[in-house]
Amino acid sequence: MAQILLVLTTVASRADADCLARQMVEQRLAACVQISAIDSVYRWQGQVQAEGEYRLLFKTTIERYPALEAALRAAHPYELPAIVAWPCSEVLAEFADWVAGEVTCTP
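When we follow numbering that gives the first Met the number 0, the leftmost residue of the sequence shown carries the number 0, and every step to the right adds one.
It is worth saying that the hints were derived from the structure and are not from the lab. Glycine included, every Cβ here is placed at the ideal spot set by N, Cα and C. Treat each hint with caution, since some may be false.
[What the hints assert, rightly or not] Label-pair ranges, simulated between beta-carbon atoms:
#, residue 1, residue 2, range
1, L7, F94, 15 to 21 Å
2, E78, Q22, 18 to 24 Å
3, E89, Q44, 38 to 44 Å
Please put together the full structure from these sequences, using the hints given.
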């Protein structure tokens, strides 16, 4: 069974979220991406900010993570994007197989 990772990032607009999600799925770097509207409070350049953002949650494998991270860094609109990944310790085997199959590069 493949080791599944959940990868999170945020963007400012729904259009950016849709674009990143579609690119990563089309490139087989993520099997699926969930997009949620959120409110974020953070400190940036010495100032506390409060803004709406969109959170993207990518499902991928540990093998595809380096390529996913590189593609997100290249396409991300933020100067310093939050890109955070964590492994799933428990996963339905059939779901893990599906994710692995969707991110496998085909000739």
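Per the hint of 38 to 44 Å, is the separation of the Cβ atoms of E89 and Q44 within bounds?
-> holds, 40 Å
Do L7 and F94 keep their Cβ atoms within the hinted range of 15 to 21 Å?
-> Holds, since L7 and F94 (Cβ atoms, about 18 Å apart) stay within the stated range.
Quick one: are E78 and Q22 within 18 to 24 Å, going by C-beta?
-> Because 19 Å falls inside the window, the suggested range holds.
Violated hints are absent here; each numbered hint is respected by the structure.
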